[in-house]
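From just these sequences and the hints, can you work out the full model?
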Amino acid sequence: MQLTQSSVGRKIIMAVTGIVLVAFVCVHLLGNSSLFFGADAINAYAQKLHSLGPFVWVFRLVMLAAFAIHIVFGIQLTLENRAATPEANVQVKRLRTGFGAETMIISGLVLLAFVVYHLLHFTVRVTNPEIYVPLGSSGMVDVYVMMVKGFQSVLPVIIYLVGMAFLFLHVSHGFQSLFQTLGLSNDKSLPVMGTTSKLVGFVLLVGYISIPLLIVAGLFKI
Amino acid sequence: MKLKLHVWRQNGPNDKGRMEVYDAPDVSPDQSFLEMLDDVNLVLARQGKDVIAFDHDCREGICGMCSQVINGVPHGGQERTTVCQLHMREFKDGDEIFIEPWKARAFPVIKDLVVDRGGLEKIMQAGGYTSCHTGGVADGNALPIGKDIADYSMDAAECIGCGACVAACPNSSAMLYTSAKVAQLAVLPQGKVEAHRRVMAMTEAATEHGFGNCSNHYECQASCPKGIDVKFIAKLNREYMKALIP
Amino acid sequence: MILDGKCPTGPIETSWDRHRFESKLVNPSNKRKFKILCVGTGLAGGAAAASLGELGYNVHAFCYQDSARRAHSIAAQGGINAAKNYPNDGDSIYRLFYDTIKGGDFRAREADVWRLSQVSNNIIDQCVAQGVPFARDYAGYLDNRSFGGAQVSRTFFARGQTGQQLLLGAYSALSRQVKAGTVTLHERREMLDLVVVDGVARGITCRNMVTGAIESHWGDAVILATGGYVNVFYLSTNAMGCSVTAAWKAARKGAYMANPCYTQIHPTCIPQHGEHQSKLTLMSESLRNDGRCWVPKKVEDCERPPGQIAEEDRDYYLERKYPSFGNLAPRDIASRAAKEQCDDERGVGPGKRGVYLDFADSIKRLGEDTIRERYGNLFEMYEKITAENGYKQPMRIYPAPHYAMGGLWVDYNCMSNVPGLFVLGEANFSVHGANRLGASALMQGLADGYFVIPYTIAGYLATVKPGAVKDDHAEFKKSAEEVKANIDKLLSINGTKTPSEYHRELGKVMWEDVGMARSKESLEHALKRIPEIREEFWSNVKVVGSNDQFNQELENAGRLADFFEFAEILTKDALNREESCGGHFRTEHQTEDGEAMRNDEDFCYVAAWEFKGTGVEPELHKEPLKFENVKLAVRSYK
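Protein chains in written order, with my numbering: chain A, 8 to 229; chain B, -5 to 240; chain C, 51 to 688.
A couple of the hints might just be wrong.
[To be verified] DMTMM-like, lysine to aspartate or glutamate: derived pairs with alpha carbons at most 20 angstroms apart:
#1 C:K229 x B:E202
#2 C:K371 x C:D393
#3 C:K434 x B:E73
If you are wondering where the hints come from, they were derived from the structure by calculation, not from laboratory data.
Dropping the structure here:
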């Protein structure tokens, strides 16, 4: 009860689910990076994941739960914060917080929309059914082809660029924030974590957008 | 020097409030900000007009009474400085200055720049103490306390309870204020006894009295006139987790 | 009339213990039936309200600030004395007692001072238990320093914010009682009258400063812990809201005002910069440990930058006049010496009201880093206010009114001559005599609140019936009507000058004529001027706004009206006291070297004044002081 209803309790939940989500985006980026080792590498990676069977579903459920909890509490806390804050002063000057921190709810909601699109695009295969071709006779989709074809039209590329820009904003505040929330920071570590946080966000940004951009640049051929 | 002031005027809690413009025609750079306002009020009073109400008392930066947002920053943005210690030499001739009250749902305006900070009292009453009785306590030296711990405790104890942290917070959270007391007492052997109960009760009281949630903007530390560090919020979070998992 | 302080007789060492045993007690189950009103929530009031609430009394506490934590006790910097003798340097209860009596220039009651010294040790223990982060050494034990020229290290401190930390300790105890429901807090209330029924204090009338409502509160006892009155000088180190009002309202209802002429002027304050200044800021007098006071020898040098004045053209006046104590001469002596130099036209800075406090020699000897380590925060504060760098050029300092030793007369039980009215802390006159030692104000406030009043008030309450007179009594209505009439009068004058202008005018007279050095002539001049200004005030003051809302002009006007009446009594007391002692210096009574000359033969008494009406001669009551444990001696700092 304390954990799910109190101010600090929910903040801790935000941090813990945040860790799960950040860990996921990092691992996901590492997995995607196998694209750079060629079609076989990425397909082998996909096959490996596939072979895990029911574990994939356990993993997906955990991710979904973390994601849902993060969103629900995020919205709830933001609404409470809005309620605690009346109309702003005529002049407002912020001294330390940044654009990323002030727009967490916006970047968060954009990311939610992005994830929905991303799932429709590559997982549920709704938006672009034409990009799916079978990989040999295995019955599996050729992930390499899917990715390359998936980024050959402009709209998905733009959506991914925008989505990843918001991921950068979200992580650049969120990463250091979770350390503070979990009581893992002090006056010496906090500035370092602030920089690290931006760095993590930046690495994720560069890593993720490099794939569609390089595909657009024609680096990967089918 | 000559200044133009935009001041929030609100005639009581139910009035809507608005900015009004006043001239401060003859300001000495050696004056404090509040003395400059005194002069503006003197002119208003002589004209029979209602003076600008603002809280102030010690005028040496320790009582925590003064509470004005100046040009968008609580206490005016000079590092480790309350409004009453702010001097006019920080401004230039011809400057326009915006003066507004602390704004938070938990701080209803009483008049003009004066707000009701009763919520902060409630947080303290919820647990900002050790439950020792008058008399019947151990000798002061009975429990040695390391110098580093005493210093840490003192760093937190410097809070003057002005509420600038709440006013600066985009969420109107009182977490820095709460954490300063939680941290001060949690590290001392005298305060450890009730540490779990205290952190739960005080954070709960903050929510109950309309303060928002902390989302780590750190604006509070930036405008705190005593430079209370947000590391105490991290400490509060640790204490909270310890209380959750006893 | 000869007053009796009702001090216990017999050996002083056991006087407080015997008195506690002999005092009556209130049955635990009866305590909640007694309602106690406590006005003021500083060290004395906050500690008293918390302790009495804890004992089970029904306590109502009042303060004019928006929080009990903001009382001006919070501004004390230096520390708090206690006879713990932790450093093993020869301190004892007896030594603290002796030093306090001597420091007060033999004008305090022995028994009261003994009790203060005795309970001083309990205060430290209490504060530690509350979580007050006193300075500690590396072994983890409480650190001490020597303060205000004391020969032993008996001062406990929490950085430069000891007053703040002690007050927050008392405030935390108070908050705990509020939560427990034993104390009800009334913030933003100003006491505007004491309700006396058949000669007994039965309640107060106060104004709700937010709504303007006039409220009546009844109580079986009323405690005033409302601080000192040095804002009568207009510029002082007190907070803007500090006033004599609560004490004066009690005085108007028959409580005697004792020794009002004993005011302390602190030597190391930042000088006034101009006419529009609102208050003065104190810097810890520890600065004088390493700073040297000087002024130019020649009047024409005063306008030149200090660096251009040659060593031989500087007058290190304290070292010259007091070779053995030099710059560490006690507060009153250092203050007077600074004023003398400025009266001699050799002051420096704006208006030539300042003397230099020079650290150049210390910096040369110890290095800037050492000085920064010792006084960094004070140099920072100085620079914030003056924009001058104290490391590069000498600081400018000037004395400022700081503390009131005088106050309402109380007996050994801290009860005034009006039964049921108790007075604690700076608001009473009891322990500091004619001069207070550094780090003793905090000690007195907490001693009175935590360890004296809980015992002595029981002795009184045991003799009365709880709730015998409540706020439906006609006196309450009468009092509220009077208060209302007074407010209406202030609001209706609609003259041409604001309260602050009159306050400045009164302050000027008080500072010039009744300040650091007083003479028959100056005092008589003040006695002529004060009624003149007061009468002008009552016919020409302009108080804008209305009573039914937050109105600071009205608050100030009311406080000033009381200062006018009080100022006259202060001046009369100074005129009556034909001697120089402690903070009271009469130029007629000095030795050939300009030192204070006490007159123990004729003035070894407490002067308690009974108010007889505005403009009417007050009646003097005397309480003779007996010294059985300390021998009367002449203070010498040569």
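Against the structure, the hints come out as follows:
Of the supplied pair hints, the one linking K229 of chain C and E202 of chain B holds, its CA atoms being roughly 15 angstroms apart against a limit of 20 angstroms. With a C-alpha separation of about 16 angstroms, the suggested pairing of K371 of chain C with D393 of chain C holds against the 20 angstroms cut-off. Between K434 of chain C and E73 of chain B, the direct Cα distance comes to roughly 11 angstroms. Compliance with the 20 angstroms bound is thereby established for this hinted pair.
The earlier numbered hints are all upheld by this structure, with none contradicted.
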